[in-house]
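J.: Convert by adding 58 to the 1-based position in the first sequence; the result is the number in the numbering used here.
Be aware that one or more of the hints could be misleading.
Capping the alpha-carbon separation at 27 Å, the derived lysine-lysine pairs in DSSO-like fashion look like this [stated by the list, open to error]: (1) Lys293 to Lys269; (2) Lys352 to Lys414; (3) Lys233 to Lys279; (4) Lys484 to Lys432; (5) Lys401 to Lys380; (6) Lys279 to Lys293; (7) Lys85 to Lys112; (8) Lys85 to Lys269; (9) Lys112 to Lys65.
If you're looking for bench data, these hints aren't it; they were derived computationally from the structure.
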Amino acid sequence: MSKQFQKPRGTEDVLPAMQPYWIAIHKAIQEITQLFGYSRIDTPIFEDAALFEKGTGDTTDIIEKEMYSFADRGGDFLALTPEATPALCRAYLENGMGSQPQPVRLYTTAPMFRYDRPQQGRLRQFTQFDCEVLGSGDPYTDAELIELLWGFYEHLGLTGIEIRLSSIDDLATRKNYIDDLLAYYQPLSDSLSEDSQRRLQTNPLRLLDSKDERDLAFKEKAPKLIDRLSEDAAKHFETVKESLTTAAIPFTIDPLLVRGLDYYNRTVFEFVPQGDNRAQNTIGAGGRYDGLMKNLGGPSTPAVGFAAGFERIILEMQRQEKILVPANNVTIYIAHLGTEAGKESIRLASALRKNKLSTVIGESTRSLKAQLRKANTSGVQITIIIGEEEMSRGTAIIKSMRTDQAQVEAPLNTIPSEIIKLLNHKNDMLTQEFSTNE
RNA sequence: GUGGGCGUAGCGUAGUGGUUAACGCGUCAGGUUGUGGCCCUGAAGAUCGAGGGUUCAAAUCCCUUCGUCCACCCCA
């Protein structure tokens, strides 16, 4: 025996039992993006690695240590997409979407890849729902995306989601702020956690994100960017807040909110389930990135977007006990005995399927009893029985599995219509039950 | 990348040095002549994650490795 293969670390099989969640998410995405007028786009699963180095930022962890990059046989240096935004921006630029009516509203769902150590809510291959509004600096679009994402979770029946909102201003102001932040933290260096001492060097904004007890007090007193926004950024932020209030979307201002990717400016936001203390609990996040397109070599084009991770949303659905089970779609099971009946069951199944009736054929190796047992556990509504006796008479037996009605024998060519009649009758009874209950 | 917990049939578990590794669910087959659900009986299915070591003897102790979970880091 050769060894059992295992899926690569940090990947998941989405088994049939989990498909209802995926279907529900895809459906919610389809509905909400349609309501907001977004168009679907699909981009390749791998791109020029430099796209992300320039786009996401070559000092971010995502690029520095987590990117699945490789040289292909022709020597091109490629990467499996670690995030969608740079890829969508590339597609926007490459396909001349800047010449279409602006802004361009796009969404996609795609697998993303990051070489990271897996834990709950963190996978090496995960799936994101991604929305971008390209070609507008209007603060209304920021609010629109937040409203869209809010509506998306509503469609899924999720409750208790908190929106954390902040503004990180534009690059110049932020740079000055970071200098001040460093000036504040530098003298305190010895009292900080090891991680935060490192952050002083690598990513000062992350100081505000520290969970270490030693850093908490300093964090509180640290200067906050949101208190000193530039006039333009402050005005922009005000409009975003007003728009959200108008749309009746609740949010909290989080002055400590920082985003991991270099390209963000002004509006940043995160969606976090309340009462969830798990580490990887952000189920959606995004912000504005007015500088990205220019970084990618295109004309300066303002844009804003978000990403939401399927797997984390599913964890939250389960935490909220939104338990979904696979629907049994099969209506009819054909139990058959003997070779002639076996052939007839193929003809019958074909006829039934042409009538849009979902049908499976029983296993010829099994006894009639075993076939019926199987029909029962698989939850079909109707079992058709054909044996030698029925074949000699040119008939088949229709047996209802969910009601106490006696089984009936009918000529083969009338089976589909008989079954349709039976199913409609049952549906009529159901609607009657519903209406009398009112 | 760092620290810690855990890996026994498809799933959930028992067994913590000593004869052929146990139980429940599930699967499959039977319970007379061609009819499901309940019940009964039986069977298949595990080289106890993998590799090495200690021992007369290892699922059980030790080491390595892989996977997984939790936290950090980071982020969806």
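J.: Hint compliance check: list the failing hint numbers for this structure, sorted ascending.
T.: 1, 2, 5, 7, 8 and 9
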